[in-house]
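Residues per chain, in single letters:
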Amino acid sequence: MPLLKVDSLAVDYRTSRGTIRAVEDVSFSLKKGETLGLAGESGSGKSTLGLSIIRLVPYPGVIVKGHIKIDETDIVKLREHEMRSIRGRKAAYIFQDPMTSLNPVKRIGAHFIELIRTHEPNIGKEEAFERTKTVVKNLGILSERINDYPHQFSGGMRQRIMIGLAIALNPDLVIADEPTTALDVIVQAKILDLLESLRKVYGMALILISHDLSIILERCDKIIVMYAGHMLEYATSIEMHRNPKHPYTQGLLQSIPNIELFDQKLVAIPGSPPDMFNPPKGCSFWPRCSYVKKICRVKEPPLIKVGRNHFVRCFLYGKKGVHVERNRKS
Amino acid sequence: MAKKVFMLSEIVKVEQLKKYFPVQKSFLEQLFTRELSYVKAVDNVAFSIRSGEIFTLAGESGCGKTTAGRVVVRLLEPTSGKIYFNGKDITKLRGEKLRLLRRKMQMIFQDPYASLNPRMKVVAAVGHPLGIHELAKGGEKKKMVLEVLEKVGLTPPEQFVNLFPHQLSGGQRQRVALARSIILRPEFMVADEPVSMIDVSLRTTIIDLMLNFRKELGLTYLFITHDLAVAKYISDRIAIMYLGKIIEMGSKELLFLDPKHPYTQALLLAIPVPNPELERKRLGLTGEVPSAIDVPTGCRFHPRCPYNTDKCSKEEPQLIEVEKGHFVACHLMK
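Residue numbers (the working numbering), protein chains in the order written: chain A, 1 to 330; chain B, 1001 to 1334.
Calculated from the structure, these hints are not laboratory results.
Hints may be right or wrong, so weigh each one.
What the hints assert, rightly or not - Simulated crosslink set (EDC-like; lysine to aspartate or glutamate; CA at most 16 Å straight-line): (1) Lys1252/B / Asp263/A; (2) Lys31/A / Asp71/A; (3) Lys1281/B / Glu260/A; (4) Lys1215/B / Asp1236/B; (5) Lys32/A / Asp221/A; (6) Lys1252/B / Glu260/A; (7) Lys32/A / Glu196/A; (8) Lys265/A / Asp1208/B; (9) Lys1281/B / Asp193/A; (10) Lys1324/B / Asp1258/B.
This one's a predicted model, so the numbers in the text were calculated from it and none came from an experiment.
Generate the whole structure from the sequences, applying the supplied hints.
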């Protein structure tokens, strides 16, 4: 039984200029202990997808279709007060910017104690304090420092604290949204190592959202490539690296410089991502695709299976692939 | 043949360059301490750039790479040191002479959302340098703008000239910024993280354009980046900076195949590689980059260095040539 099952999810932003379909027809599942990477450029809907899993899509975003099941509970239907028992305890979110996510006038320890006691009111102050110490120690921060204020910590340390706050209630699933984008490479590697080791210690599943395909390929078991709200490809990271199917994935892989290679020739993907108010008809990628066929401009390709644990949304593979049966029942 | 000789000449040379920023103190502190403290953003840096090459300053945030770039084009006044351009000392140039120099050296910035005036149409922004230097007016100016827009791949250019920056995507804005910087046909350009805010799929086009201009217009670049993978792709030579100093410098082959400084080694091992089947080793570094106000004594890297010895905390290592064209500042090298 998967820990998380997302089925035909669609999310809209209803703005005054019109409606944007930010996430369209996304389905995947995640088992305990697995790591899933959401890769995509800005505006691809990867953060919206991540936020919808804990139902925190900002206004004017609305989940318009589909199901999100965490441990068999469909959270799309839950009421707001019921969601509070899911967030933090079942699924937690690590935000991108550690500089603005902490309260500047509160000591680090107070952040943890408030979190623990809000979710578990019968825990005393002493016990919450002891638990905070253990978590902070696991983050590689000296336990004396829990009496310090956020500004006394460096960016990397603050991101560690954010991670600590996410795992303090021992959730089954942690969603990390660009957790290292604001950080330097050495600190970035350490934060990702920390996430990996915590994931092993606490046995949680991890969704890693990043625009950096290198990080995702290096750190995740499975990958979803997002583009203009659609999942274009879904595969294990080894499959995705050895055998990328979608022209967009292929293009992305050819446009990231690899530190291991000399005389690499980077190939650019022509054009630019679509205007989401006015998306192209048919496949969202066709205006930039070098294999574009007639059908791509009129019909949206379905997600089809092209191998074990490998799915792609592209007409190039229509005949060879097997159509995926999706559960449309509500 | 003639080109080869040209390649070897140095277009930019920097000697003992320092840029210190004074730190603001509170009133009370000012009363009780006489001494001013400084952020030593660039602390005794020397390098030279050959004509036609792409020289990269790389390092983590706060290492002084951007400050160094700005000092080189005289956007910031150096605290001390000398800057030469085409063999001429430009450290103290002022007024009209400086303005004429700016025609030959241009800069392109990281954030295309901030570097373009939101109230200036593309045609005005790109043509602006022509006006400042009184090189072209009216129809001729517009013709030159159209030409240069075509060069940066904004085609057909007529479609773009009357747009405002907010009507363009990030990648298109960066192309406009690039067009504006090459319209004067400069010889030298400082490119400060020109692709780090641009989506991956559009990055390559900007990089390719820059490489093209080197060939077509004979441009020389000082490229500034934190991304060593991009640096490796684009550069001929790279200097790694740490806390205001160059700690290793050499051709990209030397630097990537045989990194000597422990910091360079740690940096290279920390870079993610897009290959899930590769086992990575990492060099455990402790701590984070210290503040540039209280620089550690001796070697600046010693508190984090795994090979730290007594000497390292006492004596500052000099940048020495350990093999031809490969410079390292580390006591391990002797």
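Against the structure, the hints:
no. : hint                  : in the structure
1   : Lys1252/B / Asp263/A  : holds, 11 Å
2   : Lys31/A / Asp71/A     : holds, 10 Å
3   : Lys1281/B / Glu260/A  : holds, 13 Å
4   : Lys1215/B / Asp1236/B : holds, 14 Å
5   : Lys32/A / Asp221/A    : holds, 12 Å
6   : Lys1252/B / Glu260/A  : holds, 12 Å
7   : Lys32/A / Glu196/A    : holds, 14 Å
8   : Lys265/A / Asp1208/B  : holds, 10 Å
9   : Lys1281/B / Asp193/A  : holds, 12 Å
10  : Lys1324/B / Asp1258/B : holds, 13 Å
Hint compliance for this structure: no hint is broken.
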